[in-house]
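Numbered per my numbering, the sequence shown spans residues 1 to 267.
In case anyone wonders, no lab produced these hints; they're calculated from the structure. Treat the numbers as computed from the prediction; the structure is a model and nothing was measured. Among the clues, some could well be false.
To be verified - DSSO-like mimics (lysine-lysine), calculated; alpha carbons at most 27 angstroms apart, straight line:
(1) Lys190 to Lys155
(2) Lys188 to Lys163
(3) Lys188 to Lys155
(4) Lys190 to Lys163
(5) Lys60 to Lys265
(6) Lys60 to Lys155
(7) Lys155 to Lys134
(8) Lys50 to Lys134
(9) Lys265 to Lys252
What the hints assert, rightly or not - Computed beta-carbon distance windows for the label pairs:
(10) Gln262 to Asp101: 38 to 46 angstroms
(11) Trp96 to Pro129: 32 to 40 angstroms
(12) Gln127 to Gly199: 27 to 35 angstroms
(13) Leu74 to Gly158: 28 to 36 angstroms
(14) Ala99 to Asp51: 15 to 23 angstroms
(15) Thr124 to Pro48: 31 to 39 angstroms
(16) Ser195 to Ser28: 45 to 53 angstroms
(17) Glu206 to Asp122: 19 to 27 angstroms
(18) Ser73 to Gln127: 17 to 25 angstroms
Glycine included, every Cβ here is placed at the ideal spot set by N, Cα and C.
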Amino acid sequence: MHIRNMALLFLFWCTLFCFAADSFSISSLVSKELYDSIFLHKDDNACPAKDFYTYESFIKASRSFPRFGNTGSLAMRKREIAAFLAQISHETTGGWATAPDGPFAWGLCFKEEVRPQSDYCDSTNTQWPCYPGKSYKGRGPIQLSWNFNYGPAGKALGFDGLKNPDAVSNNSLIAFKTAFWFWMTERKPKPSCHSIMVGRYVPTEEDLAANRTAGFGLVTNIINGGLECGIPTDGRVADRIGFFQRYASIFKVDTGPNLDCQYQKPY
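Put together the whole structure using the sequences plus the hints.
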């Protein structure tokens, strides 16, 4: 009888916990007013993504990933959201040094890469083969790129990422979901961005040797380390940090250590 009662108690707490996680909405931390104040110019006429990145799509997409912004202390939750918004802001920025309201008020200005240098097809990847005539250029808030990202993202989210990559730039809900998917998904040897920002990153011996220390800089390494990390004072890294510092200030949290990745070996 004792074992049965313990099992029932465990089931009760598990159900309660799971329900709480699944019913949580980051709208309690990011109101529409706050969202609009962060992305001051996303709907300007000068932005190609005008009216695309709606608050409603952002919130609805986040509900498919209930652990996002819902892990750890309140400060940790806010810091993760600020880090995510900073990274997608850099990826889609339309700002410049002397832009109105500063360079870090122009996130979510673009929904697809302008003048891509290639079709981002890795023909050696047979698991996620490129579809003839399709481009896997950067699209959406995280600028999802390459067939080996479009394929699994589409499979996880319910669209054909290889045959229809344009869905990411044509549907704002799918666009935001791909960004959350990239953020939350571990792709070894890379950890998830989420695990880093919530203190669950456990570095391997190889990570330690590569100086991949936990922090916002390691998130940058995951997203675009091959082009930006291991480089002293890279301007793109500085731009990401600038967005993060602005948003952390808005959320009234500190940024934490290890903001850049100049001493990290890329993955």
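Status of each hint after checking the structure:
| no. | hint | verdict |
| --- | --- | --- |
| 1 | Lys190 to Lys155 | holds, 20 angstroms |
| 2 | Lys188 to Lys163 | holds, 25 angstroms |
| 3 | Lys188 to Lys155 | holds, 18 angstroms |
| 4 | Lys190 to Lys163 | holds, 26 angstroms |
| 5 | Lys60 to Lys265 | violated, 36 angstroms |
| 6 | Lys60 to Lys155 | holds, 19 angstroms |
| 7 | Lys155 to Lys134 | holds, 17 angstroms |
| 8 | Lys50 to Lys134 | holds, 25 angstroms |
| 9 | Lys265 to Lys252 | violated, 31 angstroms |
| 10 | Gln262 to Asp101: 38 to 46 angstroms | violated, 28 angstroms |
| 11 | Trp96 to Pro129: 32 to 40 angstroms | holds, 39 angstroms |
| 12 | Gln127 to Gly199: 27 to 35 angstroms | holds, 32 angstroms |
| 13 | Leu74 to Gly158: 28 to 36 angstroms | holds, 32 angstroms |
| 14 | Ala99 to Asp51: 15 to 23 angstroms | holds, 20 angstroms |
| 15 | Thr124 to Pro48: 31 to 39 angstroms | holds, 32 angstroms |
| 16 | Ser195 to Ser28: 45 to 53 angstroms | violated, 23 angstroms |
| 17 | Glu206 to Asp122: 19 to 27 angstroms | holds, 22 angstroms |
| 18 | Ser73 to Gln127: 17 to 25 angstroms | violated, 39 angstroms |
The structure does not agree with the numbered hints 5, 9, 10, 16, 18 stated previously, though it agrees with the rest.
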